[in-house]
Amino acid sequence: KAGVTQTPRYLIKTRGQQVTLSCSPISGHRSVSWYQQTPGQGLQFLFEYFSETQRNKGNFPGRFSGRQFSNSRSEMNVSTLELGDSALYLCASSPPTGGGTDTQYFGPGTRLTVL
Amino acid sequence: AQTVTQSQPEMSVQEAETVTLSCTYDTSESDYYLFWYKQPPSRQMILVIRQEAYKQQNATENRFSVNFQKAAKSFSLKISDSQLGDAAMYFCAYRRGAQKLVFGQGTRLTINP
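Chain order of the listed sequences is A and B. What the first sequence shows, in my numbering, is residues 1 to 115, in sequence order. What the second sequence shows, in my numbering, is residues 1 to 113, in sequence order.
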């Protein structure tokens, strides 16, 4: 099976712009989670989608939003970018049922740089 | 709230030797899962090993094994016969059911040839 894919791998934006990141989960996985990784804050949970519904949400401002499509692909949007949004954004997917639903498999990440 | 603590920001080991990375966590739950993830310089987060809290037996995956002490809320990772490819950031993580993964701050492991 193909792994979790994320596009684009690298992005450079300027303050005030908005950005959309995409994540395609492992085939058959219905849960997609997003994490932000920075040197200062480490890995922080953004949100999780399951069957097109947001199931969990982290403590991020409303500028961060997401959605999931019927094919389980997910997008994450950040509006009005700030310098502090520069980070590696990781997407992870989980199997739908049975043992291992707890296990998340990660994509390669999207490196976002805000200038 | 659940927290995960990795007290060793950096570790180094000679190639072919054994190294143990420490992790402690705080939870009031009895049913949960613990993980070790590896993040090499390529930045891809790779699952190393997984432990169910209800299982007393420690998980093992080839050269990787854990020492799970539930009462002490300790979950250490032992890497035997260290190889150059083991060099990476290692993250300990906790998850309960379908809730978010909670990560520790990571331990940077260096393998000396």
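These aren't lab readings, by the way, just hints derived from the structure by calculation. All C-beta atoms, glycine included, are put in the ideal place defined by N, C-alpha and C. Treat the hints with caution; some may be incorrect.
Derived DEER-like restraints, expressed as beta-carbon distance ranges [to be verified]:
no. : chain 1 : residue 1 : chain 2 : residue 2 : range
1   : B       : G85       : A       : F69       : 22 to 28 Å
2   : B       : A72       : A       : R73       : 28 to 34 Å
3   : A       : T80       : B       : T110      : 24 to 30 Å
4   : B       : A98       : A       : R63       : 44 to 50 Å
Some chain A residues close to chain B (C-beta under 8 Å, calculated; not the full set) [unchecked claim]:
no. : residue
5   : P39
6   : E52
7   : N56
8   : F60
9   : F64
10  : T103
11  : F106
12  : P108
13  : L112
14  : V114
Stretches of chain B that chain A covers, calculated by requiring three or more beta carbons in the stretch to come under 8 Å of a beta carbon on chain A [what the hints assert, rightly or not]:
no. : segment
15  : 33-45
16  : 92-100
Going down the list of hints, with the structure as the test:
Between B:G85 and A:F69 the beta carbons are some 36 Å apart, a value that contradicts the proposed interval 22 to 28 Å. Between B:A72 and A:R73 the beta carbon distance is about 42 Å. The supplied range of 28 to 34 Å is therefore violated. For A:T80 paired with B:T110, a C-beta distance near 40 Å fails the hint of 24 to 30 Å. Here the CB-CB span from B:A98 to A:R63 is close to 25 Å, at odds with the stated 44 to 50 Å.
Evaluation of the A:P39 hint against chain B yields a violated restraint, the C-beta minimum of about 10 Å exceeding 8 Å. For A:E52, the interface hint is violated, since its Cβ never comes within 8 Å of a Cβ in chain B; the closest pair sits about 15 Å apart. Restraint check, A:N56 versus chain B: the minimum CB separation of about 6 Å is within 8 Å; hint holds. Of the supplied interface hints, the one on A:F60 is violated, with its beta-carbon coming no nearer than about 12 Å to a beta-carbon of chain B, more than 8 Å.
Look at A:F64: its Cβ only gets to about 14 Å from chain B, farther than 8 Å, so that hint breaks. Because the smallest distance between the Cβ of A:T103 and any Cβ of chain B comes to about 6 Å, under 8 Å, the interface hint for this residue holds. Of the supplied interface hints, the one on A:F106 holds, with its beta-carbon coming within about 4 Å of a beta-carbon of chain B, less than 8 Å. Using the Cβ-Cβ criterion of 8 Å, the hint placing A:P108 at the interface with chain B is satisfied: the shortest such distance is roughly 5 Å.
Of the supplied interface hints, the one on A:L112 is violated, with its beta-carbon coming no nearer than about 13 Å to a beta-carbon of chain B, more than 8 Å. Because the closest C-beta pair between A:V114 and chain B is about 18 Å apart, greater than 8 Å, the hint is violated. With 7 residues carrying a beta carbon less than 8 Å from a beta carbon of chain A, the segment 33-45 of chain B meets the three-residue requirement, and the given coverage holds. Using a Cβ-Cβ cut-off of 8 Å, 5 residues of the segment 92-100 of chain B lie near chain A, which meets the minimum of three, so the contact claim holds.
The structure fails to meet hints 1, 2, 3, 4, 5, 6, 8, 9, 13, 14 from the earlier list, while all remaining hints are met.
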